[in-house]
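If you're matching them up, the sequences are chains A and B in order. Under this note's numbering, the very last position in the first sequence is 1377; numbers go up by exactly one each time. Under this note's numbering, the very last position in the second sequence is 475; numbers go up by exactly one each time.
Misleading hints may appear alongside valid ones.
Stated by the list, open to error - Estimated spans, in silico, between C-beta atoms of each pair:
(1) A/1326 x B/285: 31 to 39 Å
(2) B/103 x A/1344: 48 to 56 Å
(3) B/251 x A/1195: 45 to 53 Å
(4) B/285 x A/1319: 50 to 58 Å
These are computed hints drawn from the structure, not numbers from a lab. Backbone N, C-alpha and C fix where the C-beta goes; we use that ideal spot for every residue, glycine too.
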Amino acid sequence: MSVMTTPAPSHLLTVLTPDQTGIIAGITALLDELDVRLLALSQTVVHDWFTVLISVDVPGPIEADVLRDKVQAQIGPEASVTIMAHRAGAAADVAGDRYVLTATGGAAPGLVHTVSAIVAARGGNFTDFFSQLVDGRVTMVAEVDLPPDVALDQLQIDLQHATAHAALRVRVQHHRLFVATNEIAFRRIM
Amino acid sequence: MIRTDPIFDTIRMFQEEHLDVRTVTLGLDLQDCSSPVAQHLRDKVHAKIVRHAGGLVRATAEIERTFGIPVVNRRIAVSPMASVAAGHGPDDLVGVAATLDQAAGEVGVDLLGGYSALVHKHSTPTARALVDSLPEALSSTARVCASLNVASTKAGINMDAVLQVGRTVRAIADADADHHGFACAKLVVFANMPDDNPFMAGAVHGQGEADAVINIGVSGPGVVTRALQRLIEEVGPEALTLADVAEEIKITAFRITRVGELIGRELADRLGVAFGIVDLSLAPTPKVGDSIGEILQTMGVVEVGAPGSTAAIALLNDAVKKGGAFASSSIGGLSGAFIPVMEDATLASAAADGSLTLDKLEAMTSVCSVGLDMVAIPGDTPGETIAAIIADEMAIGVSNNKTTATRLIPVPGMTAGQHVSFGGLFGESVVLPVRGVGGSDQFVLFGGRIPAPIQSLRN
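Same shape as in the complex, but just chain A (with noise of 0.2 Å):
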């Protein structure tokens, strides 16, 4: 028996475009006719507008500028399209474990970096983040790998001080927490 092997993705495209039905249906349609592998896609919509990164590999006939032509002349000249090549080892391995950030209050400019930026300084990497701000209250819920000798309560009581100005409320729990209360599957053994 033939064991199947993912391929490593050539290169990444982005898109970001005013959001309207059939954009996932288009890019893809023209991935499948260009017999451009896609390989893991990621999307979401932020105040009307749509964005999707995708690794696709690539074969060998193709050339990237093409492909992203291609896409460009597809959505439309409203859209931005990228795409750059994969360089492999470029993810952040934070040996870890996985939290959760959620922070709640009222909104002031810099709050996003604020938090991202103490994060990063004890060595966590956002691997999931999102922010909004809704009539004055900033919300942000962020999936964090945070490495295993970081001084949990600190990293709390530092992340309240600093955003203490916007009255922001900051938590940071493991993520098991949150597995365990709203998914139906929680094994003993994860």
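Following the hints, complete the assembly by docking chain B onto the known chain A.
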């Protein structure tokens, strides 16, 4: 990918709705500490507690930090002392109580349960001696809690023990008159006592348990209240049925239970001991928003104690158990809904205005966890009448194959209607009137054993 709503739902439970891990309780088997020499017994008991529990407080603090979950109490439950100290008399037993108290203080826990005896069929001399020692043991120690199993569905009700205990409860109160009989709050009398209950004062480390085990008690009446309030606000009461109410409670109980299991397993791993059970008991505190009575009011029983109260608490108790059972295969202890009058501001208020009576409480105990809990009664209530109240509660447990219990506090010098306060988590309430004082003395004085009910013959 992050889903923000479930994350904030979880955080809200702690930040706004008073969800907490009410207790982490280390259960310890002390049977290997037995010795005919009292000092040897005390030394071994002390050494084992300190050895096993020395890291409990620190490990719990680490887990609080990691998960951002408050753990309110750290406690210890030990093997029933009447078994560990078999052959010893009251004086030695009081000495053991002092040792338990000292060891608990050294390791930093606030309460230690297990100054207990299993007398559901007959009492051994040591068990009788332990009961006799209770007034001194409970009034002279700060952390020691006691419990007695005087009945079981399999054995019936040991009325000799019930009578002895009824008189002893009165003696305990009198010995602690300076504190309004508070020492009685550290004694629970059971039918069908569980082996793994982590909640005080009735926690004991039963037979068949591991040498050392972590049991978790989670609570969150406020979470349930808010979940029901949101449901009613969003959907409207006219669109809801009681089945919908039960479902919402069940879902909420699921999430609360998962918190407990997570903490329990992590703590057990860190301490290198077995993980036992999660006890999901909606145990109120006097804090506003942390009340079983408020849940009942949200369910539509605005006057707690009115007709419908028993049905409502039955729904609540059952939904909690179902949610807990789906969340974890390690549910145990009592798991349900408590109705401790003094510890629940809404229940205490209902007692004060006369809508919640002792008789109604007894009816409600037939369908919820535990029983007549933290109930203040007149200080001159005779021991025989106290025994009769206990017997009634035991009969409910024995006949229905469930755990029931009493934690009665005769308040020295106080009569029905007067107000007593113990402060902190122990709360306050009026002294409840007891009807028919002396009206059943001959019944309890017969003694002996009320035989086990026919349903116990299951072989």
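Evaluated hints:
| no. | hint | verdict |
| --- | --- | --- |
| 1 | A/1326 x B/285: 31 to 39 Å | 33 Å, holds |
| 2 | B/103 x A/1344: 48 to 56 Å | 55 Å, holds |
| 3 | B/251 x A/1195: 45 to 53 Å | 51 Å, holds |
| 4 | B/285 x A/1319: 50 to 58 Å | 36 Å, violated |
In summary, the one numbered hint that this structure violates is 4.
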